[in-house]
Amino acid sequence: MSPGASNWIPDWAAEALAVFAKEWRCELRTQVALNTLGLFAVTTLVVASVSLGPLGVSKSQGSALLPVLLWLILLFSVAAGLPRAFVQEEESQTATALRLSATPSALFCGKLLYSLTLVAALEALITPIYVTIMNLEVKDPALLVGALAAGGYGLAAGSTLVAAIIAQARSKGTLFSVLSFPILLPLLILVIELTRNAVLGDPAGLALGQLLLYDASVSIFGLMLFPVVWNP
Amino acid sequence: MKKTLPWLLWLWISAVIVGAFYYAPLAAKFIGKSSRILFFHVPMAWVSFFAFIAGAVWSLLYLLRGRQERHDRAAAVAIQLGLLFGVLAIVTGSLWARIEWGAWWNWDPRQTSLLISLLFYAAYLALRGAVDDPEKRGRLAAAYALLGLVVTPFFYWVMPRLAPITLHPEPVVNADAKVEMDTRILQVLLASTFAFTVLFFWMHNLQCRLQALLARREEARG
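Protein chains in written order, with this note's numbering: chain A, 1 to 232; chain B, 1 to 222.
The set of hints was computed from the structure by calculation and includes no laboratory data.
In silico BS3-like cross-links for lysine-lysine, where the CA-CA straight-line distance does not exceed 30 Å: (1) Lys22/A to Lys136/B; (2) Lys59/A to Lys139/A; (3) Lys172/A to Lys136/B; (4) Lys22/A to Lys172/A.
Make the full structure from the sequences, and use the hints.
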């Protein structure tokens, strides 16, 4: 074993945490992603609620419709805010410095962790308001939390690699939606089914296992493909 | 051989067309003569999926073997052809569905899986169009194509959840790993699948050569 080998894991983890800390420091300085994500989600939620009218939807319709609306709000909010993690590096010309200072895998994990905390914050903000405004009765709250955790992780993992790709292309904003939505579609179908099961109080079934498999596959391949995307 | 291959191919395809309309009997349980379109629809769908997998393999070769432009070009052309055959499969499938099911589009799991795959690969082409530098375009597109290869199998697990009952006829090899089909229908279907596969390779070769010539002309112009 080489002398540096025993320190490899702590070094790598320290690099990833440094990237994560740097992302949040930059974010708290400008608060662009936080404001974009939060305001976009709240505005869409209000529009959806107003469109359904003061009486909302019946309980039978609600269990079918409301989980779909919740995840569409989260998906479009993510599309509005998450690409910034990499786009900002290219626009402010800090990408080269980042390439020199961090290993690609640590960088990917740091950015993923940042996206994950951003999505978790968004879910923590939106879900209680959504449940209250829409009068959504959730029979299995634990399953809903599980669906939000696994679904949020999938959104962050799928978006991180796509954000790294579009940051190096033209027309970044529209391209993110075009590239990420086909990748996130299986996740959406599974997580909507899980949320519906949580609302109705049904067991999670196979959907939870498949969702976790999706999360693991996208993370592993994202980690393997990221050096190709990141390094010229 | 290079000159005779296209003629042999056109001869083979002509024989398949004649076989589809005059040799193969009408399939049981199908309305009117609608079963004849399947001799073209099934091979088109097969070539589409084959082209997407070939595109991913060429993308992998591009990343592993010194990022040679010919591998990137081969991947892009395969995916373009996969889209072409995929659209044709959807159109022929819709024509058949209108006769058999009474509606052009039914969100059948297999229809939906193919549609989402087409959306993914159309996004791949959009990505290529948004990057000017050839090296950067090659590696970004290759990474995206390989990510698609990971996500695509999920469609086949997930889509049946939207519509658990499919009206689609059984695949050529059914769930019991048996082929339950009239011998003459099977012969024409296999001949057609072979013809479409060779057609794909012929078109792929032509298009790759054309793209290489265009790239060389661009280089010469500076």
